[in-house]
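A.B. asks: Okay, here's what each chain looks like letter by letter:
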Amino acid sequence: MSADQTIIAVESPAQRRRRPRLPFAGIIGGSIVAFWVVMTIIGPYVAPHDVGALVDDDVFGHMRWAVPLGSDFLGRDVMSRILVGARYTVGVAAAATVLAVLIGGTLGMLAAVSRGAVDMALSRFFDALISIPSKMAALVIIAALGSSIPVLVGTAAMIYTPGAFRIWRALAINVNTLDFVEVARARGEGTGYLIRQEILPNIAGPVLTDFGLRFVFAVLILSSLSFLGLGVQPPDADWGSLARENITGLADGALAVVMPAAAIASLTIGVNLLIDNLPGRWSSSGEH
Amino acid sequence: MAPLVKVENLHVTARDDCGRNLAIVKDVSFTVEPGEVVALIGESGSGKTTIALSLMGYTRAGSRIVGGNITFDGREVLAMSQRELASLRGRDIAYVPQSAAASFNPARPLLKQVIESSQIHRVMPLAAAEAKAVALFRELVLPNPEKVGERYPHQVSGGQLQRLLAAMALVTEPKLVIFDEPTTALDVTTQIEVLRVFKKAIKERGTTAVYVSHDLAVVAQMADRIIVLREGSIREVDATGLILSSPKNDYTKSLLAAAEPQVRAAAPATTQQTAPPVLEVRSVIAGYGTADRDGIPAVPVLRDFSLAIKPGSTLGVIGESGCGKSTLARVIAGLLPAARGEVKLHGMPLPRSAAERTREQLRRIQIVFQMADTALNPARPIGRILGRPLEFYHGFFGDKRRRRVAELLDMVRLPATMAERYPSEISGGQKQRVNLARALAAEPSLILCDEVTSALDTVVGAAILDLLAELQRELGVAYLFISHDLSTVKAVCDEVMILYAGQMMEHGSRGALHQRPLHPYSDLLISSVPELRQGWLDGISDKCLKEAAVGAARSGRGEACSFFERCPVRIPGRCDVEPTPLRHLSKGADIRCQRTEEELVELTAQ
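Sequence lines, in order, name chains A and B. The numbers in the numbering used here rise by one with no breaks, and the one at position 166 of the first sequence is 166. The numbers in the numbering used here rise by one with no breaks, and the one at position 522 of the second sequence is 522.
Treat the hints with caution; some may be incorrect.
As the list claims (entries may be wrong) - One side of the interface only, derived from the structure: several residues of chain B facing chain A at Cβ under 8 Å: (1) G334; (2) L335; (3) I367; (4) N377; (5) P378; (6) A379.
What the hints assert, rightly or not - Pairwise CB distance ranges (calculated): (7) A:T106 / B:T358: 27 to 33 Å; (8) B:R83 / A:R115: 50 to 56 Å; (9) A:R115 / B:G35: 53 to 59 Å; (10) B:A107 / A:A265: 37 to 43 Å; (11) A:R196 / B:P579: 47 to 53 Å; (12) B:E84 / A:V38: 58 to 64 Å; (13) B:G295 / A:F125: 28 to 34 Å; (14) A:G253 / B:A107: 50 to 56 Å; (15) B:P572 / A:F125: 51 to 57 Å; (16) A:I27 / B:D466: 48 to 54 Å; (17) A:G190 / B:S424: 24 to 30 Å.
Said to hold, decoys possible - Which chain B residues stay away from chain A? Per the calculated CB distances, all over 10 Å, these: (18) G67; (19) T184; (20) L242; (21) L256; (22) R352; (23) D457; (24) D523; (25) I540; (26) K587.
Just so you know, the hints here were simulated from the structure itself, not pulled from any lab data. Where is the CB? At the ideal position from N, CA and C, for every residue including glycine.
Using the sequences and the hints given, assemble the complete structure.
C.D. replies: Below, the structure written as structure tokens:
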């Protein structure tokens, strides 16, 4: 009896629930994001030139086959430097965002489920953190500890943790009052189960949107820091530092300053397009 | 005389989530004569609101009128431009929606909102409109008619808000008023007073009205003619008296049958009479807000509350919104730790908070909530929702768990294939069955049913009640059945407890509810439930209405009677000061009242 019923059980809902499709804008966003993620991994291997090699006699050279996106202020290949720089921009921002969301999100849900004193203590602590101006805090930390990749990741994570905490807590509090969470609580489930099984799946959509947004912010703040000379240090360069080192070419409209900026823009727009168009229960509206 | 409204072959479709067009109103034709009150009756999804809205040329987002004609006062509604429709709505046709609280702008005073339509349509100058509104307030028996308009929506009660909504509709003297379930969200003792003033207003001005409702008993009081709808088409049209006395359609018959539910409760076996109660609640005080020095919460909801439930029996708790019945369920389940008193399970005291109870103690008490929609995790398939208590309490995994889930689904009469579905893919009645199955998975000795049928249609709810009774016979589980609906409670419960503002007013067997004398509040509650006969509303004594009109209960702190202000037989200086004694009546019930049995017999006989 159970054998044939199981077969029906597996088949019938699959027909009923059609696979939600990604809209066209989402496909574009997804492609851009996928492209940069791939470049983060294989960038150095597909770059036509070595990042340090002087390949053009001219500085701020124009597009041609040898230097597809022109050359920079020392005559180096801009495309190679952007492809290799993706590793720093995407990698550091992603690491910082994951860290921020992991810490802020977990504590946010914990605060929502525990309520009372735990909620009070955590909320006030993060309120204090959120009140520190983010760029100033970053400047102070980097001035004190020096600039290195771990310090950059930690700094960006610290800046975005309180925001993640606030959003996750607010979303979790709404779900926490619903009857099915009460049922689980009356059953005697622990805090860990409530967070993982009852709350997390029901806030996944909005929380993912928040993750994307925070990633974009992290890219922007890291680029700003690099632009100020406090980010990734030479000889390595992320997109922010690429824009900075070529700033003298701005007056000539050099590609070397436009292209890193365009790379930052394409990444942030791509991420936004993707998260705004996610289908089904991952959608930012949280509908099922 | 030509009919005021003539609907011919109306077809409406709605687009569902997958983009398909579904017919929600199919080939509906009817007329409304001037001065007539026509009721559209049906369950949710029968298309009654859709039809009512289409009379104004309006459809809800996603739906569309695809065929038919609607003639209003000689004009073709469906051929009108948006501008013409705008001049029609609110002036010639007014609409009274179900939820008064959601229909008022909370940031503006009431009078401004009531006269808004008269100003938009420039029917009369501002001063005249205000005078007219005040006259309407007086006609609709609103307290303090001159001043009530200055208040904001949150400052008046639900019943008053609903009457203000009617005033808003009537202020432009419309030719047609559409009432869309205007009393469904109200308590019975409030509903009766609203129905009464609505009926008077309709009668006195000879208003033509379309009255949309799912409640036959209410419709029987209001309508001249009834249109019975099901799944978007008309099943039966007839004069109210004929529908009630000699229904022709099978569906109408089943509606009439469901309106007066049969008694399902099985009297518990005599051997169990001596067994200790499965659950005992003793002198519990519970509430919300910060606790004071004695540990009493700022807003006490339950005051010195006690009850006992025998194994395998059903105790019904009835009360109006805010009386503390849901709080009671939360206290027993340990979700809201009581400030005082104790809860005993099988004679053993339970820790007040669920977090301190053992798994075995938790297993024995399960809770089923009213809103089936929010009681199931929307991100989990049914099989996993049912499987969790199995692994949590019984350590069932893998195949064993899957088999047990199938058994549980079978127990609540659902197919085993349901296990793979998500809550959003099943109906409200099915969700409530899944809720019940989840409670049964724990193999409890007591299930707390918090308004389990209130959100369901009558026929679907009746099936759930049947299931509850059947499961009780098979499994011997006890129920605490919480409801605001007297007929439901009478249908399933062995014993009934009537709650008012956190205090027990009367407790007795089901039969004792039919025997006088009753506690004054029980009397009011029972006589407020609409009866399925014409003229019931007109026959109610004015005394009863006066009590009802006083408004919402406040739960005070003292030991004095909380029903004092609404009580027709109160003794000022004693009832509101002294602690109210518990009295045992000769019919076998207990009441909390200052009046003795002899006094009550004498006073209510008049």
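A.B. asks: Now tell me if each hint is right for this structure.
C.D. replies: Structure-based check of each hint:
A hinted interface residue such as G334 of chain B counts as satisfied when its beta carbon comes closer than 8 Å to some beta carbon of chain A; here the least separation is about 7 Å, so the hint holds. Restraint check, L335 of chain B versus chain A: the minimum CB separation of about 6 Å is within 8 Å; hint holds. Interface restraint check: I367 of chain B against chain A, minimum CB-CB distance 5 Å, threshold 8 Å, status holds. Given hint, N377 of chain B at the interface with chain A, holds; its Cβ is 5 Å from that chain's nearest Cβ, closer than 8 Å.
At its closest, the beta carbon of P378 of chain B sits 5 Å from a beta carbon of chain A; the interface hint therefore holds under the 8 Å criterion. Given hint, A379 of chain B at the interface with chain A, holds; its Cβ is 3 Å from that chain's nearest Cβ, closer than 8 Å. For the hinted restraint 27 to 33 Å between T106 of chain A and T358 of chain B, the CB-CB distance of approximately 28 Å keeps it satisfied. Restraint check, R83 of chain B to R115 of chain A: a C-beta distance of roughly 53 Å satisfies the suggested window 50 to 56 Å.
Between R115 of chain A and G35 of chain B the beta carbon distance is about 58 Å. The supplied range of 53 to 59 Å therefore holds. One distance hint, 37 to 43 Å for the beta-carbon pair A107 of chain B and A265 of chain A, holds here, with the actual separation near 42 Å. A hinted range of 47 to 53 Å for the beta carbons of R196 of chain A and P579 of chain B is consistent with their spacing of about 50 Å. Checking the proposed 58 to 64 Å range against E84 of chain B and V38 of chain A shows it holds: the Cβ atoms sit about 60 Å from each other.
For G295 of chain B and F125 of chain A, the hinted distance range of 28 to 34 Å is satisfied, since their beta carbons lie about 30 Å from each other. In this structure the supplied range 50 to 56 Å holds for G253 of chain A paired with A107 of chain B, their Cβ-Cβ distance being about 53 Å. Take P572 of chain B and F125 of chain A: their Cβ atoms lie about 55 Å apart, and the range 51 to 57 Å holds. For the pair I27 of chain A and D466 of chain B, the supplied restraint of 48 to 54 Å holds, since their beta-carbon distance comes to about 51 Å.
The beta-carbon spacing between G190 of chain A and S424 of chain B, approximately 27 Å, falls within the hinted interval of 24 to 30 Å. Residue placement check: G67 of chain B keeps its beta carbon more than 10 Å from all beta carbons of chain A (closest about 29 Å). With 10 Å as the threshold on Cβ separation, the claim that T184 of chain B sits away from chain A holds: the shortest Cβ distance comes to roughly 21 Å. Against the 10 Å criterion, L242 of chain B stays outside the reach of chain A, whose nearest CB is about 43 Å from its own CB.
Distance check on L256 of chain B: its Cβ is at least 33 Å (rounded) from any Cβ of chain A, clearing the 10 Å threshold; non-interface status holds. The non-interface label for R352 of chain B is consistent with chain A: the shortest C-beta to C-beta separation is roughly 13 Å, beyond 10 Å. With a cut of 10 Å on Cβ distances, D457 of chain B stays outside the contact zone with chain A, its closest approach being about 20 Å. Residue placement check: D523 of chain B keeps its beta carbon more than 10 Å from all beta carbons of chain A (closest about 34 Å).
Every CB of chain A lies more than 10 Å from the CB of I540 of chain B, the least distance being 37 Å, so the non-interface label holds. Distance check on K587 of chain B: its Cβ is at least 36 Å (rounded) from any Cβ of chain A, clearing the 10 Å threshold; non-interface status holds.
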